[in-house]
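Undergrad: Dock chain one against chain two, each of which comes alone in its own frame, and use the hints as you go.
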Amino acid sequence: DAGVIQSPRHEVTEMGQEVTLRCKPISGHNSLFWYRQTMMRGLELLIYFNNNVPIDDSGMPEDRFSAKMPNASFSTLKIQPSEPRDSAVYFCASSGDSNFYEQYFGPGTRLTVT
Amino acid sequence: AQSVTQLGSHVSVSEGALVLLRCNYSSSVPPYLFWYVQYPNKGLQLLLKYTSAATLVKGINGFEAEFKKSETSFHLTKPSAHMSDAAEYFCAVRGSGGSYIPTFGRGTSLIVHP
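Chains A and B, in that order, are what the protein sequence lines are.
1052 is the number of the first residue of the first sequence in the working numbering; add one for each residue after it.
12 is the number of the first residue of the second sequence in the working numbering; add one for each residue after it.
Just chain B, same shape as in the assembly (with noise of 0.2 Å):
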């Protein structure tokens, strides 16, 4: 089975300072990884994925992601945040035994303080 464990249901930064939002995750096989975000009353969006290429991987808005397999993790960073970056955040894993479901993570809310 695959799971995906974000830590930190909130996270709270100052405008202009580094995100972090932080995911692990558990895979029998090598995993697809993704990133959503949630703004308010708005449904998923994709922000970025990984699919076994580049480990480092660049998503729309800044934000970026490390694979890391030694870790088990793959960690949501933007060096400088923005007021509009204010949403909720799902990390996603892709699902086993050729289902290919992503299964979620419970979400991280970013808040940005001015």
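Just chain A, same shape as in the assembly (with noise of 0.2 Å):
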């Protein structure tokens, strides 16, 4: 089992600049989430995903930000334009309907915005 699979691990970009990271969900696994993780604000549910739907957005922070789940096995979160204050640590996790409670995290994408 490859667990839930995230790239890149690590991107450095400068302000104004777009960005898009990916995620692959564990297979089997029909709802997908996207956090963000902050020594500020902690662990952030930015959107979640059900079925390729998007069900739930009210994390995103703004317009800048967007996520897509084009099929069961890939899904996008983009920042454009990046700002400084995006830089985070973001994951994205699956879980199954079986245990639709237990969520599976990828090891996140590092980004630094300078």
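Hints should not be assumed to be uniformly reliable.
Covered stretches of chain A (in silico footprint by chain B; criterion: 3 or more residues with CB under 8 Å from a CB of chain B, positions within the stretch not fixed) [said to hold, decoys possible]:
| # | stretch |
| --- | --- |
| 1 | 1088 to 1097 |
| 2 | 1119 to 1129 |
With beta-carbon atoms standing in for the labels, derived distance ranges [stated by the list, open to error]:
| # | chain 1 | residue 1 | chain 2 | residue 2 | range |
| --- | --- | --- | --- | --- | --- |
| 3 | B | Ser25 | A | Pro1121 | 47 to 53 Å |
| 4 | A | Pro1121 | B | Leu29 | 33 to 39 Å |
| 5 | A | Val1104 | B | Ala28 | 46 to 52 Å |
Honestly, the hints are just simulated from the structure, not real lab data.
Think of the CB as a built atom: it goes at the ideal place given N, C-alpha and C, for glycine as much as any other residue.
TA: See below:
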């Protein structure tokens, strides 16, 4: 079992640039979550998909953030334009119907915006 | 709304000593409760969960937690700390309003001294 796969693991970019983070959930899982972790705010849920459909995006900070899930095995989180305050670790997690409450987290993408 | 309070952002113990990480929750419905562990530069990993069955829950790596409804607590314990237990620990409670999205605490960093 490969677990949740995220890429890239590290991203350093300049303010104003577009950033795309990628996630491959565990095969068979039909729920996918994007989280952001910072020292100031802890772990925040950004958006949640179920069967590829966005269910709750109330945590997306602003219009600069967008997320898509074109199929059951791939999701992206895009920031355009990026700002220094977006620097954080972004986690993707997935869960299945049989154990919806158990989330399996990827290793995260550490984003630094200079 | 659901919420979780983890008392103490840092807990320091000696190797071999008892580990006690505190978590209090607020929930308008019977809660599901979780403890996750995050090792440095890794994603969160489920340690154990309470889903309304036995109030004493055993997890991986010798950890256990007891659900106490009267105290609205779900404290995590381990009889004897090991150096490898040094990590960040997160308590989480199931979300309300039908969304079932977990709400995470701010985390407690466990430091283990030789």
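Undergrad: Does each hint fit the structure? Answer for all of them.
TA: Hints, verified against the model:
{"no.": "1", "hint": "1088 to 1097", "verdict": "holds (count 3)"}
{"no.": "2", "hint": "1119 to 1129", "verdict": "violated (count 0)"}
{"no.": "3", "hint": "Ser25/B with Pro1121/A: 47 to 53 Å", "verdict": "51 Å, holds"}
{"no.": "4", "hint": "Pro1121/A with Leu29/B: 33 to 39 Å", "verdict": "49 Å, violated"}
{"no.": "5", "hint": "Val1104/A with Ala28/B: 46 to 52 Å", "verdict": "48 Å, holds"}
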